[in-house]
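Engineer: Sequence:
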Amino acid sequence: MSVLSSMGGGAEWLLGYLIPFLFVLTIVVFFHELGHFWVARRAGVRVVAFSIGFGPEIVGFNDRHGTRWKLSAIPLGGYVKFLGDDNAASTPDRNGLSQMTEAEKKVSFFHKSVGARAAIVAAGPIANFILAIVIFAGLFMTVGRQVATPRVDAIQAGSAAEKAGFQPHDLILSIDGAPIESFSDMQRIVSASADVPLSVEIDRGGEKRTLAATPDRREITDSFGNVHRIGVLGISRSTGAGEVTTQRFGPVEAVGLAGKEVWFIVERTFSYLGGVVTGRESADQLGGPIRIAQVSGQVATFGIGALLQLAAVLSVSIGLLNLFPVPLLDGGHLMFYAIEALRGRPLSDRAQEVGFRIGLALVLMLMLFATWNDILNISKS
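In terms of UniProt numbering, the sequence shown opens at residue 1 and continues consecutively.
Note that these hints are calculated values from the structure, not bench results. Predicted model, so just to flag it, every value in this text is computed and none were measured. Using N, Cα and C, we set each Cβ at its ideal position, and we do this for glycine too. Possibly wrong hints are sitting among the right ones.
As the list claims (entries may be wrong) - Per label pair, the in silico range of CB-to-CB distance:
| # | residue 1 | residue 2 | range |
| --- | --- | --- | --- |
| 1 | Phe-369 | Asp-203 | 42 to 52 angstroms |
| 2 | Ser-238 | Ala-338 | 18 to 28 angstroms |
| 3 | Ile-58 | Thr-301 | 25 to 35 angstroms |
Stated by the list, open to error - Derived DSS-like pairs: lysine-lysine, alpha-carbon spacing no greater than 30 angstroms straight-line:
| # | residue 1 | residue 2 |
| --- | --- | --- |
| 4 | Lys-70 | Lys-105 |
| 5 | Lys-106 | Lys-163 |
| 6 | Lys-70 | Lys-81 |
| 7 | Lys-105 | Lys-163 |
| 8 | Lys-81 | Lys-105 |
| 9 | Lys-163 | Lys-81 |
| 10 | Lys-106 | Lys-81 |
Please model the entire structure based on the sequences and the hints provided.
Structural biologist: Written out as structure tokens, the structure is:
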């Protein structure tokens with residue numbers, strides 16, 4: 001069965017998958033590049049272009065500062081190009097830099113101090129984290145979150161919970177020292193901890209106890225047919241009337257909860273990547289643009305709130321990915337600037353060129369691997 005036929009035809013694919021995908025990706029990319037742009041302007045750098053997408057320009061305009069704002073044909077990212085850049089990856093145009101006038105040098109990115117350049121580069125990922133906090137906080141204030149007391153109502157026979165000694169009516173207080181305020185808090189930690197021993201503090205009839213539990217690894221199929229390998233304890237909670245409530249929060253509390261949400265995503269991302277390196281996790285869970293489009297379309301069926309939540313999660317992921325010390329990514333530039341600050345001079349042009357080529361190769365390999373995973377996942381569905 002082809003992808004289009006399984007999605008119900010071209011029109012349904014456009015409305016159900018492509019538009020939600022572009023909505024989510026455009027928000028995340030725009031704010032990432034806006035972070036670079038905003039700090040660059042305040043550092044006195046001339047911004048030549050601000051593009052959403054790569055490739056040929058579809059539509060655009062020039063602002064009063066001479067920046068070309070444009071929408072480009074390949075909607076898989078974006079870039080801000082500064083005076084002195086050779087390309088969208090902000091590699092220096094050595095020939096152009098050597099021919100600059102004094103006036104141009106004053107507004108050239110590469111003639112700014114190493115601190116200013118580092119601030120401009122770091123601003124993109126930071127903007128992603130800020131965007132995620134704003135979205136999460138807005139959802140906590142408006143939509144709220146559903147809360148069920150982290151109480152054990154039933155235990156599956158032969159499960160990890162039964163082996164650990166859980167009993168009905170146990171109230172879960174914390175896991176590995178992290179406070180548990182709702183049943184969903186417990187589920188999120190457990191699902192990301194397959195085969196990992198957990199220390200669970202409970203309240204049993206007013207008496208505090210600590211249980212050692214190791215979630216079983218199981219394959220779970222969601223309502224869209226997607227298969228996930230997660231950790232499961234084997235306990236359940238009643239969802240009858242009055243058992244689940246919706247809480248909305250004020251601005252200060254919402255921002256605090258949003259910050260915790262962002263940190264949880266960062267922490268679990270590193271935990272997963274560490275599991276891949278050690279062989280505990282499979283790398284086939286890594287996804288690329290096709291996977292993002294598929295998930296965007298599925299999440300869109302739950303409404304704009306769910307789609308915004310996906311945008312927040314993706315924003316954290318992109319911000320974190322860009323901070324990895326890989327040449328070509330923001331983290332690679334920051335690594336070069338750190339070396340420059342320590343040495344008192346930048347690396348040689350040759351060393352930087354080799355670094356960028358290695359970075360390009362790594363990024364392309366990651367994209368190909370993620371896309372291959374996407375294709376395999378579609379073929380299985």
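Engineer: Could you work out which of the previously given hints the structure breaks and list their numbers from low to high?
Structural biologist: 2, 5, 7 and 9
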